[in-house]
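Chains as they are written, first to last, in numbering that gives the first Met the number 0: chain A, 0 to 569; chain B, 0 to 183.
Hints listed in this document are in silico derivations from the structure and should not be mistaken for laboratory results.
Even for Gly, the Cβ is constructed at its ideal location relative to N, Cα and C.
Just so you know, not all the hints are guaranteed correct.
[What the hints assert, rightly or not] Sample of chain B residues lacking proximity to chain A, with all beta carbon distances greater than 12 Å (derived): (1) His-17; (2) Glu-25; (3) Asp-81; (4) Thr-159.
[Unchecked claim] To spell it out: a stretch of chain B is covered by chain A in this simulated footprint if at least three of its residues, at any positions, have a beta carbon under 8 Å from a beta carbon of chain A; those stretches are: (5) 31-43; (6) 84-92; (7) 117-127.
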Amino acid sequence: MQLTGAQALIKSLEMEGVEVIFGLPGGAILPVYDPLIDSSIRHVLVRHEQGAGHMAEGYALATGRPGVAMVTSGPGATNIVTPIGNAHMDSTPLVVITGQVSSAAIGTDAFQECDITGITMGITKHNFLVKSAHEIPRAVAAAFHIATTGRPGPVLVDIPKDIAQSTMEWWYPENIEELDLPGYHPVVELDTNAVERAIALIKLAERPVLYVGGGTLKSHASAQLRAFAERTGIPVVTTLMARGAFPDSHPQHLGMPGMHGMYSAVTAIQKSDLLISLGARFDDRVTGKIPSFAPNAKVIHVDIDKAEFNKVRAATVAIRSNVAAVLEAWDAAEAMPQNLEVWWKEIDAWREAYPLVYDEPSDEGLLRPQFVIESIAQAAQPGTIVASGVGQHQMWASQFWKFEEPGTWVNSGGAGTMGFGVPAAIGAKVGRPDRVVWCIDGDGCFQMTAQELVTARAEGIPIKVAILNNAYLGMVRQWQEMFYDERYSEVYLSPDLPDYVKWAEAMGCVGLRATNIEEMHAAIATANSIHDVPVVIDFRTDSSEKVFPMVAAGASNDDIMVHPLQRESK
Amino acid sequence: MNSPEPFLGATSHTPVRHHILSVLVENKAGVLARVAGLFARRGFNIYSLAVAPAETKARFSRITIVVDAESAPLEQIVEQLDKLVNVVAISDLAPKDALERELLLATIKTNVDSRTSLLDVVGTSGAAIVDVDAGSVTLMLAGTPAACDELERELENYTTIELHRTGRVALPRLGKAATATIPD
Chain A
0 MQLTGAQALI KSLEMEGVEV IFGLPGGAIL PVYDPLIDSS IRHVLVRHEQ
50 GAGHMAEGYA LATGRPGVAM VTSGPGATNI VTPIGNAHMD STPLVVITGQ
100 VSSAAIGTDA FQECDITGIT MGITKHNFLV KSAHEIPRAV AAAFHIATTG
150 RPGPVLVDIP KDIAQSTMEW WYPENIEELD LPGYHPVVEL DTNAVERAIA
200 LIKLAERPVL YVGGGTLKSH ASAQLRAFAE RTGIPVVTTL MARGAFPDSH
250 PQHLGMPGMH GMYSAVTAIQ KSDLLISLGA RFDDRVTGKI PSFAPNAKVI
300 HVDIDKAEFN KVRAATVAIR SNVAAVLEAW DAAEAMPQNL EVWWKEIDAW
350 REAYPLVYDE PSDEGLLRPQ FVIESIAQAA QPGTIVASGV GQHQMWASQF
400 WKFEEPGTWV NSGGAGTMGF GVPAAIGAKV GRPDRVVWCI DGDGCFQMTA
450 QELVTARAEG IPIKVAILNN AYLGMVRQWQ EMFYDERYSE VYLSPDLPDY
500 VKWAEAMGCV GLRATNIEEM HAAIATANSI HDVPVVIDFR TDSSEKVFPM
550 VAAGASNDDI MVHPLQRESK
Chain B
0 MNSPEPFLGA TSHTPVRHHI LSVLVENKAG VLARVAGLFA RRGFNIYSLA
50 VAPAETKARF SRITIVVDAE SAPLEQIVEQ LDKLVNVVAI SDLAPKDALE
100 RELLLATIKT NVDSRTSLLD VVGTSGAAIV DVDAGSVTLM LAGTPAACDE
150 LERELENYTT IELHRTGRVA LPRLGKAATA TIPD
């Protein structure tokens with residue numbers, strides 16, 4: 000069967016089970032958009048290529064399946080660089096198809112030419128510049144294989160226009176050997192010796208902590224984590240990337256560690272004698288000052304990527320594996336720590352002394368952002384998916400929303416990409432149309448990518464967006480208040496410019512505003528009653544609210560600052 | 000390159016804790032950029048780098064990289080390299096287990112007075128004259144990096160017009176760990 004390269008590309012995506020592509024056409028990718036008309040694959044037409052990338056990420060984070068985005072060459076390709084970098088930092092499986100100028104024009108500074116494989120070399124897991132139509136099936140199959148196996152990540156496939164227009168005899172790789180990847184070996188046999196050595200450490204532990212990272216979600220190990228944690232009684236912390244891997248309602252869950260983590264989670268790690276790291280990477284936002292991070296702890300480091308071992312913190316035992324397999328092996332061997340009664344007594348005392356708090360909600364002044372999030376959460380049905388941008392609202396969402404299952408928290412962790420929330424929420428809703436999707440956003444973030452609500456309305460993707468509008472770039476404001484003597488430099492945004500309600504309405508969404516508690520509850524109820532179009536609520540929140548607890552950048556986790564309400568008791 | 004020393008001639012300042020990585024890569028466009036880019040963005044120092052097709056199979060090339068194991072833990076360098084999809088195999092050669100060779104080419108200004116003594120230097124160093132004209136000679140030495148360093152020092156007494164070194168290539172000494180072998 001003779002196909003054009005473009006047809007072969009679409010057919011290859013169908014072979015990979017792709018149900019939706021987020022994209023925007025342009026000159027170099029034009030040939031590929033023609034056979035797309037005849038394909039069963041849904042295409043979501045975005046308003047900016049960055050939106051396509053973040054939607055694909057949101058889709059991937061909510062479903063566990065790779066997200067697919069397609070854009071044209073030059074600026075189309077550079078516009079999706081931020082999502083690619085974001086996916087690279089958060090190990091999100093993504094396949095990005097970019098058009099490229101014709102082969103003969105490459106290197107001539109042709110119209111809309113850019114070296115996107117060169118640009119993304121450092122922020123993709125791998126990328127391909129396809130040299131012939133015959134190679135398209137192999138490149139696509141390899142892209143999906145690489146994106147989804149081992150430590151997942153983004154893979155870019157760059158297709159010159161003439162290659163898409165030329166013809167090939169259809170074929171598709173039938174096995175991994177045909178992908179021709181002699182240097183790619185994502186799966187290794189479990190090192191039983193290392194598993195045994197880890198068990199020996201667990202048996203001696205009196206103050207162990209399960210330090211659960213995003214890799215636990217990536218390896219679908221939530222059930223194994225819960226079984227292991229419940230059998231051993233070991234306390235659990237879940238990083239920003241792992242929220243939902245272990246139920247927040249579970250009594251053994253101490254919450255999130257790190258810069259804005261729970262006091263008990265941060266302190267348990269600091270005082271632990273054994274850190275069991277499951278798909279976590281000792282990010283600086285978790286460790287604080289590295290030399291004083293968990294100074295007395297031995298470390299069991301489980302990761303599928305062996306380059307993470309000893310990168311930040313020396314591992315006592317390193318096990319290269321997916322998280323699920325190790326937990327199963329430990330359970331099979333009935334690995335048990337020492338009696339943890341004393342340890343839990345200490346932890347419970349910390350939990351009791353320093354729970355999450357904020358100032359009493361009041362009708363004096365503006366809304367408390369934490370109260371807004373709690374109120375949305377209380378009114379939300381179980382299984383609601385929450386996406387967020389980056390900043391104070393993200394930390395409050397992670398702290399105050401109670402996550403009970405995987406795939407319900409969609410956020411930008413490692414890269415900290417403002418503007419992630421709205422498009423990621425749209426992608427999540429496309430992947431899980433059965434779920435309610437809330438985007439908890441900040442006013443700064445919202446302004447970066449809000450145009451994708453036009454996409455959401457046009458494509459029938461009814462997400463709900465809560466803007467915590469404090470009229471500031473809030474996290475930067477918080478740092479300027481705390482560390483720059485309240486010298487506020489370029490952080491004020493205005494609560495009224497833009498008018499978020501009118502903007503929402505102009506984009507075909509329902510726009511609501513809430514300035515007091517009564518309006519807040521009413522707006523949430525209204526939003527929950529609307530199922531056909533996107534809803535945007537402009538919550539007017541208090542800019543003086545800060546995120547606590549907080550470990551200052553570069554400080555030791557021992558110097559955690561609790562909320563002012565708790566300071567006298569400390 | 001993040002080398003604090005100028006790249007050219009940097010082999011004569013080989014760091015004490017250097018290691019030689021023999022890296023087998025797929026012979027595809029951009030592979031060298033992927034390897035070099037990784038070193039640059041991770042802050043690993045390269046002291047020399049030599050690349051050429053490996054053995055008989057045209058699909059693979061071998062890159063010999065002398066790395067500064069003080070700039071980053073060797074384990075990190077190797078593991079990050081190994082994550083590159085086009086990198087097929089890596090072997091780490093400790094200097095004592097490695098047979099290292101390098102090529103030096105130098106064009107030296109000569110006159111009647113200096114020519115005789117230069118010929119002595121050529122003779123004792125094992126170098127060869129490969130080109131001559133009225134006012135200069137080009138000589139060549141294929142030898143250990145130390146021999147090349149030594150010759151370079153000797154040549155400081157003359158006026159050097161141009162001097163190039165290739166950076167070393169290496170194989171394990173017989174009986175030591177094998178270099179990265181080409182998969183079947």
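Hints, one by one, checked against the model:
1. His-17: 20 Å, holds
2. Glu-25: 6 Å, violated
3. Asp-81: 7 Å, violated
4. Thr-159: About 36 Å separates B/Thr-159 from the closest Cβ of chain A, which puts it past 12 Å; holds.
5. 31-43: Contact hint for the segment 31-43 of chain B vs chain A: holds, 5 residues under 8 Å.
6. 84-92: holds (count 5)
7. 117-127: violated (count 0)
Hint violations for this structure: numbers 2, 3 and 7, all remaining hints satisfied.
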